[in-house]
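S.K.: The sequence shown begins at 1 in UniProt numbering and counts up by one.
Treat the hints as calculated values from the structure; they're not laboratory data. Any given hint could be a false lead.
Stated by the list, open to error - Label pairs and their computed distance ranges (CB to CB): (1) Glu-105 <-> His-137: 22 to 32 angstroms; (2) Arg-203 <-> Phe-89: 39 to 49 angstroms; (3) Ser-16 <-> Gly-213: 46 to 56 angstroms; (4) Ala-80 <-> Asp-268: 47 to 57 angstroms; (5) Lys-238 <-> Phe-89: 33 to 43 angstroms; (6) Thr-31 <-> Asp-268: 47 to 57 angstroms; (7) Lys-166 <-> Leu-72: 22 to 32 angstroms; (8) Gln-279 <-> Val-122: 21 to 31 angstroms; (9) Thr-31 <-> Glu-134: 54 to 64 angstroms; (10) Ser-16 <-> His-137: 45 to 55 angstroms.
Claimed, not checked - Quick list of in silico lysine to aspartate or glutamate cross-link-like pairs, DMTMM-like style, CA-CA up to 20 angstroms: (11) Lys-219 <-> Glu-167; (12) Lys-27 <-> Glu-40; (13) Lys-166 <-> Glu-229; (14) Lys-113 <-> Glu-88; (15) Lys-27 <-> Glu-14; (16) Lys-219 <-> Glu-207; (17) Lys-267 <-> Asp-151; (18) Lys-238 <-> Asp-172; (19) Lys-219 <-> Asp-172; (20) Lys-219 <-> Glu-229; (21) Lys-219 <-> Glu-173; (22) Lys-27 <-> Asp-4; (23) Lys-113 <-> Asp-271; (24) Lys-238 <-> Glu-173; (25) Lys-166 <-> Asp-243; (26) Lys-219 <-> Asp-243; (27) Lys-219 <-> Asp-231.
Keep in mind it's a predicted model, so treat the numbers as computed, not measured. Beta carbons: idealized from backbone N, C-alpha and C, even for Gly.
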Amino acid sequence: MELDLLRAFVAVAEASSFTHAAARIHKTQSTISQQVGRLERYLETVLFDRDTRRVRLTEEGERYLLYARRMLAIDEEGRAALRDKDREFLHVGIPEDFAVQRLPEVLARFAAKHRAVRLNVVAAPSVELQRRLEDGHLDIAVVKETAPPRDALACWLEPLSWVAGKEAGGIDERPVPLIAFPDGCSYRARATQALEAAGVGWRIAYESPNWSGVRAAVKSGLGVALLAETDRISGIRKLSEHDGFPAVEPTFLTVKARRRELSQAAKDLVDTFSGLVTQERKEADQYPFAVAIGCS
1 MELDLLRAFV
11 AVAEASSFTH
21 AAARIHKTQS
31 TISQQVGRLE
41 RYLETVLFDR
51 DTRRVRLTEE
61 GERYLLYARR
71 MLAIDEEGRA
81 ALRDKDREFL
91 HVGIPEDFAV
101 QRLPEVLARF
111 AAKHRAVRLN
121 VVAAPSVELQ
131 RRLEDGHLDI
141 AVVKETAPPR
151 DALACWLEPL
161 SWVAGKEAGG
171 IDERPVPLIA
181 FPDGCSYRAR
191 ATQALEAAGV
201 GWRIAYESPN
211 WSGVRAAVKS
221 GLGVALLAET
231 DRISGIRKLS
241 EHDGFPAVEP
251 TFLTVKARRR
261 ELSQAAKDLV
271 DTFSGLVTQE
281 RKEADQYPFA
291 VAIGCS
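Can you make the complete structure from the sequences, with help from the hints?
M.R.: Take a look at the structure:
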């Protein structure tokens, strides 16, 4: 069956008119009428009720319209796949807070330079991103780690701060009501290690895999969280040792790749990440630990 027959059928169904359908797909009305007639003979059914002033689908036509659209969509998808055979695909993993706060700017910078590259971005906890990178499902990943990074393309120290809602809910409670990401998060590990080293008890008051959920819980006064100093959250209060919370060692924000040999587009994406984070650090008067290909 010719796809032009389906295109004519769908055009008439959507326009409710042979005349308007012909104008839409740049064919004559007689050609459209002939193509619909051929399709009806092929299907051995009547697709349109032509006895009314407006062309209307029959019950069979309504039923077939769904399949016609689906077949045309599959055709377009297949042709797009052939057009994309030379397109480069980069599978990128980033922490959820990075996706919420920084990803739009990163993508805008990168897309302006590499319009032929298609990004497939996954936001997930760092432990999950590291696993996907090792399994070969990601090309590049931005991960947060508690230990000095190895084989990183770029890395920065990420200072952390204790934060609570404006009313400082939970800062006097013991054990400390913690708002945290799930187990395996570097922030959570740093928080619990610091509290235990200081002899301060803690409990998980609220756990969320999403940065937006943690942020909302902090602002609502449900407890205390340990977050990056660069996190942009309005309506919170930063806590210190004067509030009874111990100093915490920074984590490492790193960019890693599945292969050491990177395409030019992949290198440019790493540079884009690096430029954004370095700019962010300078604005916050924080200096990067290292920003270099081959950081170890």
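S.K.: Please work out if Lys-219 and Glu-173 have their alpha carbons no farther apart than 20 angstroms.
M.R.: holds (17 angstroms)
S.K.: For the pair supplied as a hint, Lys-267 and Asp-151, confirm whether the alpha-carbon distance does not exceed 20 angstroms.
M.R.: holds (15 angstroms)
S.K.: Given the range 39 to 49 angstroms, decide if the beta-carbon distance of Arg-203 to Phe-89 lies inside it.
M.R.: holds (44 angstroms)
S.K.: Regarding the pair Lys-219 and Asp-231, is the alpha-carbon distance no greater than 20 angstroms?
M.R.: holds (13 angstroms)
S.K.: What's the verdict on Lys-27 and Glu-14, does the C-alpha distance respect the 20 angstroms limit or exceed it?
M.R.: Given that 20 angstroms is the threshold and the Cα spacing comes to 16 angstroms, the pair holds.
S.K.: What's the verdict on Lys-113 and Asp-271, does the C-alpha distance respect the 20 angstroms limit or exceed it?
M.R.: holds (12 angstroms)
S.K.: Need the status of pair Lys-238, Asp-172: alpha-carbon distance at most 20 angstroms?
M.R.: holds (14 angstroms)
S.K.: Holds or violated: the 22 to 32 angstroms window for the beta-carbon distance between Lys-166 and Leu-72?
M.R.: 55 angstroms Cβ-Cβ, so the 22 to 32 angstroms window is violated.
S.K.: Hinted pair, alpha-carbon criterion (20 angstroms max): Lys-113, Glu-88. Please report holds or violated.
M.R.: Satisfied, since the Cα-Cα distance of roughly 13 angstroms is no more than 20 angstroms.
S.K.: Can the suggested window of 33 to 43 angstroms be confirmed for the beta-carbon pair Lys-238 and Phe-89?
M.R.: Once the Cβ atoms are compared, 41 angstroms apart, the range 33 to 43 angstroms for Phe-89 and Lys-238 holds.
S.K.: Verify the CB-CB distance for Gln-279 and Val-122 against the hinted window 21 to 31 angstroms.
M.R.: Check passed, 24 angstroms falls within 21 to 31 angstroms.
S.K.: Using the C-beta atoms of Ala-80 and Asp-268, is the stated range 47 to 57 angstroms upheld?
M.R.: violated (24 angstroms)
The earlier numbered hints that this structure contradicts are 4 and 7.
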